[in-house]
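Colleague: So the chains spell out like this:
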Amino acid sequence: MLTFAINLSYLSGAVLFVIGLRMLGSPDTARRGNILAGIGMLLAIVASAVQPLENPNNNYIWILASMGIGGTIGYVSAMKIKMTAMPQMVSIFNGLGGACAVILAFSESLPYYDQASLLNGGQLAIILSTLLIGGVSFTGSLLAFAKLEDLVRDDKITLPYHNIFNLVLLAAAVALGVVVYLQGSSGSLLLLLLFTGLSLVYGFSFVAPIGGADMPVVISLLNSFTGLSAAAAGVIYNNQLMLVGGILVGASGTILTVLMTKAMNRSLLNVLVGGFGGTSGGSKAAAGDLVAREVSLNDASIQLNYSQSVMFVPGYGLAVAQAQKVIKEVDDILEANGVEVKYAIHPVAGRMPGHMNVLLAEADVPYPKLLDLEDANAALPNTDIVVIVGANDVVNPAAETDPGSPIYGMPVLKVWEAKHVIVLKRSMKPGYAGIENPLFFHEKTRMLFGDAKDSLQKLVSELKSL
Amino acid sequence: MENAIQFFSENLYLIYLLIFTIILGFEVISKVPTVLHTPLMSGANAISGVVIIGAILLMRQADPDDYLTLSLGFVGIILGMINVVGGFAVTDRMLEMFKKKKK
Numbered sequence: 001m002l003t004f005a006i007n008l009s010y011l012s013g014a015v016l017f018v019i020g021l022r023m024l025g026s027p028d029t030a031r032r033g034n035i036l037a038g039i040g041m042l043l044a045i046v047a048s049a050v051q052p053l054e055n056p057n058n059n060y061i062w063i064l065a066s067m068g069i070g071g072t073i074g075y076v077s078a079m080k081i082k083m084t085a086m087p088q089m090v091s092i093f094n095g096l097g098g099a100c101a102v103i104l105a106f107s108e109s110l111p112y113y114d115q116a117s118l119l120n121g122g123q124l125a126i127i128l129s130t131l132l133i134g135g136v137s138f139t140g141s142l143l144a145f146a147k148l149e150d151l152v153r154d155d156k157i158t159l160p161y162h163n164i165f166n167l168v169l170l171a172a173a174v175a176l177g178v179v180v181y182l183q184g185s186s187g188s189l190l191l192l193l194l195f196t197g198l199s200l201v202y203g204f205s206f207v208a209p210i211g212g213a214d215m216p217v218v219i220s221l222l223n224s225f226t227g228l229s230a231a232a233a234g235v236i237y238n239n240q241l242m243l244v245g246g247i248l249v250g251a252s253g254t255i256l257t258v259l260m261t262k263a264m265n266r267s268l269l270n271v272l273v274g275g276f277g278g279t280s281g282g283s284k285a286a287a288g289d290l291v292a293r294e295v296s297l298n299d300a301s302i303q304l305n306y307s308q309s310v311m312f313v314p315g316y317g318l319a320v321a322q323a324q325k326v327i328k329e330v331d332d333i334l335e336a337n338g339v340e341v342k343y344a345i346h347p348v349a350g351r352m353p354g355h356m357n358v359l360l361a362e363a364d365v366p367y368p369k370l371l372d373l374e375d376a377n378a379a380l381p382n383t384d385i386v387v388i389v390g391a392n393d394v395v396n397p398a399a400e401t402d403p404g405s406p407i408y409g410m411p412v413l414k415v416w417e418a419k420h421v422i423v424l425k426r427s428m429k430p431g432y433a434g435i436e437n438p439l440f441f442h443e444k445t446r447m448l449f450g451d452a453k454d455s456l457q458k459l460v461s462e463l464k465s466l
Numbered sequence: 001m002e003n004a005i006q007f008f009s010e011n012l013y014l015i016y017l018l019i020f021t022i023i024l025g026f027e028v029i030s031k032v033p034t035v036l037h038t039p040l041m042s043g044a045n046a047i048s049g050v051v052i053i054g055a056i057l058l059m060r061q062a063d064p065d066d067y068l069t070l071s072l073g074f075v076g077i078i079l080g081m082i083n084v085v086g087g088f089a090v091t092d093r094m095l096e097m098f099k100k101k102k103k
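Heads up: the protein sequence lines correspond to chains A and B, in order.
If you count by this note's numbering, then the first sequence holds residues 1 to 466, one letter each, in order.
If you count by this note's numbering, then the second sequence holds residues 1 to 103, one letter each, in order.
The hints are simulated quantities; they were obtained by calculation from the structure and are not laboratory data.
Treat the hints loosely; a few may be bogus.
Derived lysine-lysine pairs resembling DSBU-like cross-links, with alpha carbons at most 30 Å apart [unchecked claim]:
no. : chain 1 : residue 1 : chain 2 : residue 2
1   : A       : Lys325    : A       : Lys444
2   : A       : Lys328    : B       : Lys31
3   : A       : Lys369    : B       : Lys31
Taking beta-carbon pairs under 10 Å as the criterion, some of the chain A residues facing chain B (in silico) [claimed, not checked]:
no. : residue
4   : Phe4
5   : Ala5
6   : Asn7
7   : Arg22
8   : Leu24
9   : Ala30
10  : Ile35
11  : Ala37
12  : Ile45
13  : Ile73
14  : Val76
15  : Ala101
16  : Gln123
17  : Tyr237
18  : Asn238
19  : Pro411
Note that CB positions come from ideal geometry on N, CA and C, so glycine has one too.
Build the full structure now, drawing on both the sequences and the hints.
Modeller: So this is what it looks like as structure tokens:
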């Protein structure tokens, strides 16, 4: 009877995961979906705590203590984190899941090397894959976190020929894995440790050259890796729920990764080994003698106030400046004066999939006002003023016109088709990708220099005084 | 080769489950609007915390004198739990904001 109840809990857990994920796909049901998946997880945790085992020592005190610590840390950090720091938070949570899988696989191999347990070839291979995938996901996510927190600069951690170094590293790790596999239990634990170490170094090194605009791709890819490592750990413990949960995450991570790469018109391989920057030699020089024209706050506010339609284009700069609430203030004032306000959201704006949507949601911008790439491009020719807040590469006309540009072919927001463009920008420095943006020198474009939040706040007071 | 065949037949049921789950996963998640990309990723991230179940099972089977395994399990559960609780909580926080403005 107990076994039946346990199995039923695991089964319900799996079903709740599937239904929960399904409901997460639609705005009306998303919140309930998340809660359902959470209930599924709770069922599964309880089931795993009481399921009959061969020689249980239970150690419930240890289990409860560690769950208490982990649960508290998780809850408190989730509640305290600023919405602008969301990509970092998701990355670090993700990395910890990967680390957990590594610990499991390592622990399961200990009795094997003590000759205290037997593993068949398949199981050993699964352990090794868990170590590799989980390890890459762990250190990769940690580095992604550090990059998003601006703790490291890309150029400080990238070696010359970094891509070749990565390939060699991966080949070495795989080769070592094969040796460990072939030696079986007669091999030494030391080699397994070395293999784990190589996997960890590879994870770090694999994320090292990828940065900036490519972050949404990497984050969803790492998410998918953690899922796969959880699924592999599920095979070790012969636990179907872990397998199902892990694979679902692997699938969702893969889909998001593909969506992101499609939005940039690049292949995954190109993102992983290519990287932006460094290749844009030809197109940079031309911009030297062009002049960007400035607009005063006063002119900008008058233009905005007497226009019919305004479209904001937010980018990572909005997150950095934490300007989401002020942008909403400008929006409210303009709406009150009869201006139609929309937001154009490029799929890879920001540092994780859907980043801008979350920020604008925090500021209470109703989501029907958010237009995706296609809708925005259709609406742009009839828009009076486009206001670009901290976006750069996603509005770069070079993606359409300059075959020499590294982002050539990437679908962008055609803001230059609107009547006027105002760019809020800190300085004339190129964006994260280091690519010149001809939009800033476009005849329709006016620059409003300064911190995005600051400029928007000044716009608010100008608009109020009109 | 023989090993592989043996593994295949011994785990046939698992392999079925694996393949169907992959297909199911792709079907369930394929058409998600951009608005929900972050919550979906973050929710899925929380689900990947199922790995905690392995850590609990590891801990329950550990010899009370085997401090190495106990410590590994202890750390494993902490990490898994942060992933699970933090993941679901942060997703809920995000979705709460989406909900508010539906008025």
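Colleague: Would the stated hint for Ala5(A) survive a check requiring a Cβ distance to chain B of less than 10 Å?
Modeller: 16 Å, violated
Colleague: Tell me if the interface restraint on Val76(A) is satisfied: Cβ within less than 10 Å of some Cβ in chain B.
Modeller: 9 Å, holds
Colleague: Does Arg22(A) hold up as a contact with chain B if the rule is Cβ-Cβ below 10 Å?
Modeller: 5 Å, holds
Colleague: Quick one, is the Ala30(A) hint okay against chain B at 10 Å, beta carbons?
Modeller: 5 Å, holds
Colleague: Restraint: Ile45(A) near chain B, CB-CB cut 10 Å. Satisfied or not?
Modeller: 7 Å, holds
Colleague: Tell me if Asn7(A) is really an interface residue toward chain B, meaning its C-beta lies closer than 10 Å to one of theirs.
Modeller: Since the shortest Cβ distance to chain B is 14 Å, the answer is violated.
Colleague: Quick check on the hint: Ile73(A) CB to chain B CB, less than 10 Å?
Modeller: Because about 5 Å separates Ile73(A) from the closest Cβ in chain B, which is inside the 10 Å limit, the hint holds.
Colleague: Holds or violated: is the Cβ of Gln123(A) closer than 10 Å to a Cβ in chain B?
Modeller: 9 Å, holds
Colleague: A closest beta-carbon separation below 10 Å is what the hint needs, so does Pro411(A) meet it against chain B?
Modeller: Since chain B brings no Cβ nearer than about 13 Å to Pro411(A), farther than 10 Å, the hint is violated.
Colleague: May I ask you to test the interface hint for Ala101(A) with respect to chain B, counting a Cβ-Cβ separation under 10 Å as satisfied?
Modeller: For Ala101(A), the interface hint holds, since the closest Cβ of chain B sits about 5 Å away, which is under 10 Å.
Colleague: Close enough to count: is the Cβ of Tyr237(A) nearer than 10 Å to one in chain B?
Modeller: 5 Å, holds
Colleague: Would the stated hint for Phe4(A) survive a check requiring a Cβ distance to chain B of less than 10 Å?
Modeller: It is violated, given that the least Cβ distance between Phe4(A) and chain B is near 18 Å, above 10 Å.
Consistency note: the structure conflicts with the earlier hints numbered 4, 5, 6 and 19.
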